[in-house]
Each structure stands twice: as structure tokens, then as C-alpha cells.
Amino acid sequence: MKKNKGLKYFLISFGAFGLFLLSFTIIYDLLIPDVCFYHVNEMNAFMKLFYSAGGADNGHPGPNFLNFILSSFIGGLVGYKFYLLIIRSNKK
167 MKKNKGLKYF LISFGAFGLF LLSFTIIYDL LIPDVCFYHV NEMNAFMKLF
217 YSAGGADNGH PGPNFLNFIL SSFIGGLVGY KFYLLIIRSN KK
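Following the working numbering, the residues of the sequence shown are numbered contiguously, the last one being 258.
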């Protein structure tokens, strides 16, 4: 299969969007089963890095901008690697 830019950008976008959804739904629910827990308890360093609990969220932790950027970047890399895998497997 020859290189196809449309397929490449589709898979990168699909990977970024897919990991973004995975991060903001399933991983969020696994890491934070009770959002009201952080009303009286402090978040650890890992949680502070990827989640913020400010007044806009009423004290509940929510994904921050770094979480968005990192999820999109890693998802894009996964999509790109999948594209390379497809290209290499169809060359044979």
C-alpha cells in the first residue's frame, strides 16, 4: 500500500480523539471514584499534575490542560504507529 496522507491524518486524529475520550471518561472514573472525597482531602502530586480542583468545578477534580495535551499527543502517536503498521504490513 502506498503512503496515503488522508489515512495517516485520519488515524492520528482518531487515535488522539479516542485516547482523549478514554482519558476523560474511563480513566477519570477509575482514578476518582468519589469526586467529593477531595472536598476535605488533599490531592497527591500525580493528581495535581493532571487534575485541578478549583472553584469553577465546585471543588471537584477535573482534567486540566496538561491532561488534554498529553492525552491528545499520546493518542496521536498511537494512531501514527498504527498507520505505520498498516503501511508496512501491506508492503509485503
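Since the hints were made in silico from the structure, they are not lab data.
Predicted, not measured: the structure shown is a model, and the values here were computed from it.
Any given hint might turn out to be false.
To be verified - Simulated pairs of lysine-lysine, DSBU-like, Cα-Cα distance not exceeding 30 Å:
#1 Lys247 to Lys171
#2 Lys174 to Lys247
#3 Lys169 to Lys257
#4 Lys247 to Lys169
#5 Lys174 to Lys257
#6 Lys257 to Lys171
#7 Lys257 to Lys247
Here is how each hint holds up against the structure:
| no. | hint | verdict |
| --- | --- | --- |
| 1 | Lys247 to Lys171 | holds (14 Å) |
| 2 | Lys174 to Lys247 | holds (10 Å) |
| 3 | Lys169 to Lys257 | holds (10 Å) |
| 4 | Lys247 to Lys169 | holds (13 Å) |
| 5 | Lys174 to Lys257 | holds (16 Å) |
| 6 | Lys257 to Lys171 | holds (16 Å) |
| 7 | Lys257 to Lys247 | holds (15 Å) |
Violated hints for the displayed structure: none, as all numbered hints are satisfied.
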